[in-house]
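Asks: What follows is each chain in one-letter form.
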Amino acid sequence: MSSESHDEQPRDAAHPTHDEIVAREGHDVEPAEPIDNPGLPEHLPRPTDVDPKLEKRAERQVAGMFTAAIVLAVGFCVAYFTVPKDAEIFGWFSLNLALGLTLGGALFLIGIGAIQWAKKLMADHEVIEMRHPARSSDEDREAALEAVDAGVDESGFGRRPLIRNSLIGAVAFLGLPAIVMLRDLGPLPGDKPFNTVWRKGMRVVNDVSGEPLSPGDIEVGQLVNAQPSVFFETDSHGHAVFHGTELLQAKAKASVIVVRIRPDDITPRKGQSNWDVDGIMVYSKICTHVGCPISLWEQQTHHLLCPCHQTTYDLADGGKVIFGPGHRPLPQLPLAVDEDGYLIATSDFREPVGPSFPEVHQNRD
Amino acid sequence: MSTTSTPLKDTGVGKKAAGPVEWLDDRIGLAGLVRKNIRKVFPDHWSFLLGEIALWSFVVLLLTGTFLTFWFQPSMAEVPYDGSYDPLRGLEMSQAYASTLNISFDIRGGLLVRQIHHWAAALFMAAIIAHMLRVFFTGAYRKPRELNWLIGIGLFAIGLIEGFAGYSLPDDLLSGTGLRFVDGLIRSIPVVGTYIEFFVFGGEFPGELIIARLYMAHIFLLPGLLLGLIAAHMVLLVYHKHTQWPGPGRTEKNVVGYPMLPVYAAKAGGFFFVVFGFTTLMAATLQINPIWAYGPYNPSEVTAGSQPDWYMGWVEGAVRIMPNWEFTIGPQTISLNVFIPAVLLMGILFTVLAIWPFFESWVTGDKKEHHLLQRPRNAPTRTAFGVAGMTFYGVCWIAGGNDIIALKFNLDIFTITWMARVLVFVGPVIAFIVTRRICISLQRKDNDAILHGYETGIIVRSAEGSYAEAHAPLPPEKAFALTARPRVPELTAPVSEDENGVANPDGRKARLRAWAKRFFYAHDVDKPTRFEVEDAAHHFHDDVYPPHDFPDDFSGVSETGVPKQH
Ligand code: HEM
Ligand code: FES
Chain A
1 MSSESHDEQP RDAAHPTHDE IVAREGHDVE PAEPIDNPGL PEHLPRPTDV DPKLEKRAER
61 QVAGMFTAAI VLAVGFCVAY FTVPKDAEIF GWFSLNLALG LTLGGALFLI GIGAIQWAKK
121 LMADHEVIEM RHPARSSDED REAALEAVDA GVDESGFGRR PLIRNSLIGA VAFLGLPAIV
181 MLRDLGPLPG DKPFNTVWRK GMRVVNDVSG EPLSPGDIEV GQLVNAQPSV FFETDSHGHA
241 VFHGTELLQA KAKASVIVVR IRPDDITPRK GQSNWDVDGI MVYSKICTHV GCPISLWEQQ
301 THHLLCPCHQ TTYDLADGGK VIFGPGHRPL PQLPLAVDED GYLIATSDFR EPVGPSFPEV
361 HQNRD
Chain B
1 MSTTSTPLKD TGVGKKAAGP VEWLDDRIGL AGLVRKNIRK VFPDHWSFLL GEIALWSFVV
61 LLLTGTFLTF WFQPSMAEVP YDGSYDPLRG LEMSQAYAST LNISFDIRGG LLVRQIHHWA
121 AALFMAAIIA HMLRVFFTGA YRKPRELNWL IGIGLFAIGL IEGFAGYSLP DDLLSGTGLR
181 FVDGLIRSIP VVGTYIEFFV FGGEFPGELI IARLYMAHIF LLPGLLLGLI AAHMVLLVYH
241 KHTQWPGPGR TEKNVVGYPM LPVYAAKAGG FFFVVFGFTT LMAATLQINP IWAYGPYNPS
301 EVTAGSQPDW YMGWVEGAVR IMPNWEFTIG PQTISLNVFI PAVLLMGILF TVLAIWPFFE
361 SWVTGDKKEH HLLQRPRNAP TRTAFGVAGM TFYGVCWIAG GNDIIALKFN LDIFTITWMA
421 RVLVFVGPVI AFIVTRRICI SLQRKDNDAI LHGYETGIIV RSAEGSYAEA HAPLPPEKAF
481 ALTARPRVPE LTAPVSEDEN GVANPDGRKA RLRAWAKRFF YAHDVDKPTR FEVEDAAHHF
541 HDDVYPPHDF PDDFSGVSET GVPKQH
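As you go down the protein sequences, you meet chains A and B in turn. My numbering puts the first residue of the first sequence at 1, with every later residue one more than the last. My numbering puts the first residue of the second sequence at 1, with every later residue one more than the last.
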């Protein structure tokens with residue numbers, strides 16, 4: 001276990017000959033090692049070991065780095081109090097640059113200095129330490145087993161199965177409260193994944209301005225991001241109907257896009273033939289893959305591409321997936337025009353929007 | 001040249017400290033511990049630094065993360081922003097996002113620390129993976145170090161989750177998109193997906209709890225686990241002592257290197273400052289995760305080209321190239337298009353990594369302790385497996401940027417995706433075959449150098465007028481190092497029945513194992529025998545261009561062709 005510098009060791013003890021290694025390590029595998037272990041090479045002095053001038057220089061170098069680190073640390077404090085927060089340099093925050101360069105420089109110099117010190121000036125004799133096998137000795141194993149046996153015996157753990165088994169049972173049953181306690185982590189899903197805030201008669205409005213959309217606003221080939229009008233409505237106290245987290249939850253399902261395609265080009269899905277208004281169709285904006293909002297529209301091909309994993313939907317073909325990892329077609333919102341000439345939904349989506357889930361094809365109407 | 005200094009106990013400091021130190025030793029027996037460990041030997045090699053980088057970047061993460069907690073508010077409550085970043089002022093956003101803006105723009109040094117934290121996280125994962133590859137390709141996980149390998153895999157897995165949790169905290173558009181991905185991923189779990197989703201998010205996505213929950217995981221649960229595992233990793237490292245490369249004077253029974261105090265302590269301690277300094281300089285000059293440019297999370301917006309942190313890129317790629325398989329059986333829908341690449345694949349990766357050491361030792365039947373590392377070439381099949389795995393990972397990772405590649409190189413995205421779909425299977429097979437061939441050639445080259453010396457780069461003209469390159473024998477240390485590796489074991493066919501014609505009861509298993517062993521070793525080139533070496537050395541001197549023609553001080557041209565001087 002002890003470690004000695006090899007210079008003070010007689011060669012042979014630290015560097016067993018080939019035969020000794022074979023004998024000790026039980027290299028019974030023949031044939032013998034092709035080349036004998038020549039032992040640790042002779043220690044060669046470094047330039048700094050033999051030339052006092054170089055030694056002095058290395059010493060000055062190391063101390064110089066440490067001193068520079070002091071200067072930089074002080075520089076950091078000066079920058080902290082003098083550089084204004086909003087100043088910029090090379091299009092980058094001056095304060096961040098000044099603080100980072102001074103602090104980083106100081107840390108770096110301390111590190112390099114220490115390593116340089118170790119490399120150039122500290123004793124560089126390699127040292128040999130013997131290993132021991134990871135396993136404990138046979139006596140230890142024996143004694144350990146005996147000790148355990150004695151303990152087990154005194155407890156009667158083996159002789160009193162009734163106590164033992166009921167204890168094991170009791171501790172195991174404690175797992176139940178631990179699991180049951182987690183029940184209130186969240187509500188049960190219920191019908192929530194099946195519904196959105198869209199209702200019969202709800203207007204389709206521009207997602208930024210909240211203005212209702214009329215068919216004339218949308219040209220063939222155009223795509224408009226839209227939302228249900230309820231997101232822009234206020235209640236009788238003047239508070240937004242949806243706000244904060246609830247708004248985000250509702251948006252995560254109800255966001256839509258409005259596109260207009262020449263009616264001749266459209267092949268609607270079965271039972272959805274009258275869901276458009278003169279080729280204007282409203283589709284869910286939420287990708288059926290893992291739920292990114294979809295935005296990349298190629299008007300010539302009527303393809304809608306999700307920027308996240310490139311699922312591509314053909315909006316002229318009932319939102320069918322034509323490429324990519326998504327599976328379900330993009331849900332379409334049945335559309336009509338109200339008496340004021342604005343686009344409205346005629347119902348909620350008829351199928352769940354967003355990423356698939358185990359119950360997605362169950363009928364919950 | 002330095003004169004020995006006065007013993008510590010005779011110096012001024014030593015005299016003052018004697019009292020307290022004695023007090024401590026009386027109580028906790030300090031001297032025993034110090035005596036045993038302070039001159040502990042650590043071997044030196046650049047590749048041993050990789051683990052150290054991981055360790056030190058973790059320390060940097062602890063320090064900078066603690067600083068961030070002073071201001072970060074893990075709340076999803078929506079507030080209007082009134083800080084000093086003009087473009088977002090007045091906008092509704094979560095407190096998490098607002099407080100991250102606050103750290104970035106109103107706390108002096110806050111942006112620096114945020115960026116150090118994020119750079120250190122990227123470095124942490126890179127170092128863990130590089131370190132793991134080093135351990136794999138050198139066989140350092142063999143007995144008795146299998147447990148430390150498992151701990152390492154645990155660190156890798158938890159590190160991934162920790163990084164993802166941190167990435168989600170600021171609640172900007174990118175991190176919200178990442179969470180949406182996780183939401184879809186959870187939903188894809190068969191049967192219980194929807195329930196787990198509601199439990200994890202505390203209701204429908206995004207809910208108002210997930211940031212607070214991730215925060216707890218990010219600053220307490222996961223760092224706690226990481227800390228515990230790292231401690232265990234270090235304890236085992238000290239107990240087993242570090243592995244070393246074979247070389248003159250080094251055996252399976254010893255460890256050769258520098259003592260803990262002073263050299264190793266100075267180098268390792270210095271290295272901490274280098275890592276901290278390096279990440280700080282990066283944070284000073286290179287922008288990372290400019291959350292103010294993305295805006296607050298909004299489930300109806302996304303930025304094109306949105307990318308996760310690099311270490312999650314391969315999952316992203318696997319998700320992108322997966323065909324869109326989804327099945328409905330009775331009332332249940334199973335989204336294999338998400339479940340396989342996102343959930344299963346990660347499970348498979350970590351499982352394969354975890355069982356590898358045990359699998360290899362089952363195949364090779366090798367139950368001995370190993371403390372000398374193997375060069376990758378000397379375990380061709382293992383190395384080939386490793387490179388095949390890296391190829392798989394690499395193809396996935398590249399596929400994760402298929403949109404960016406399409407844009408940059410003006411290629412069709414569908415073509416790239418299809419290429420990746422094919423390459424992800426073909427690539428690893430090709431990589432396996434090529435790597436194994438390369439390893440075997442390198443083994444041959446080593447044997448050649450041992451037996452016939454190395455090429456000196458000197459062209460000699462023979463008496464008959466022909467030209468040839470002179471070879472010189474390797475220096476003995478070098479030749480020894482090349483031969484210091486286990487022999488290729490004898491490969492015997494398993495007996496299917498014994499001499500009495502009774503079928504071997506373990507026949508099937510034994511045959512499978514023999515086949516696996518043959519597959520593992522069959523192509524390996526064994527090192528020369530002692531006889532071959534002695535025979536070759538003998539011939540060297542009768543050669544047409546004997547090396548003793550060289551001047552006395554000639555010690556050859558190095559393998560790179562540079563003349564060596566004494
Ligand atoms: C292996 C360890 C860790 C990794 C990989 C990691 C990773 C990350 C990442 C990628 C971020 C996003 C930073 C950004 O805004 O760009 C982050 C944020 C954060 N981390 Fe960590 N982290 C680690 C440990 C810790 C620890 C130990 C703490 C606290 C004790 C901590 C506290 C925080 C806080 C408060 C934030 C949010 C503040 C912000 O985003 O500006 N982290 N972390
Ligand atoms: S979320 Fe749209 S393709 Fe994955």
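Derived by calculation from the structure, the hints in this document are not laboratory data. Everything numeric in this text was worked out from a predicted model, so none of it was measured. Just to be clear, a hint being listed does not mean it is correct.
[What the hints assert, rightly or not] To give an idea of the chain A side of the interface with chain B (calculated C-beta under 7 Å), a few residues:
no., residue
1, 110
2, 134
3, 156
4, 172
5, 177
6, 187
7, 360
Just so it is clear, CB atoms sit at the ideal spot from N, CA and C, and this is done for glycine as well.
Asks: When the nearest CB of chain B is found for residue 156/A, is that gap smaller than 7 Å?
Replies: At about 33 Å, which exceeds the 7 Å cut-off, the nearest Cβ of chain B leaves the hint on residue 156/A violated.
Asks: Double-check residue 110/A for me: the hint is only fine if its C-beta lies closer than 7 Å to a C-beta in chain B.
Replies: holds (4 Å)
Asks: Does the interface hint hold: is residue 187/A within less than 7 Å of chain B, judged Cβ to Cβ?
Replies: holds (6 Å)
Asks: Have a go at the residue 177/A hint: is there a Cβ in chain B nearer than 7 Å to its own Cβ?
Replies: Violated, because the Cβ-Cβ distance from residue 177/A to chain B comes to roughly 17 Å (cut-off 7 Å).
Asks: For the hint on residue 134/A, just tell me whether its beta-carbon gets within less than 7 Å of chain B.
Replies: holds (4 Å)
Asks: So, residue 360/A near chain B? Judge it on the closest CB pair being under 7 Å.
Replies: Check passed: Cβ of residue 360/A comes within 5 Å of chain B, closer than 7 Å.
Asks: Can residue 172/A be said to touch chain B, with a Cβ gap under 7 Å?
Replies: violated (23 Å)
The earlier numbered hints that this structure contradicts are 3, 4 and 5.
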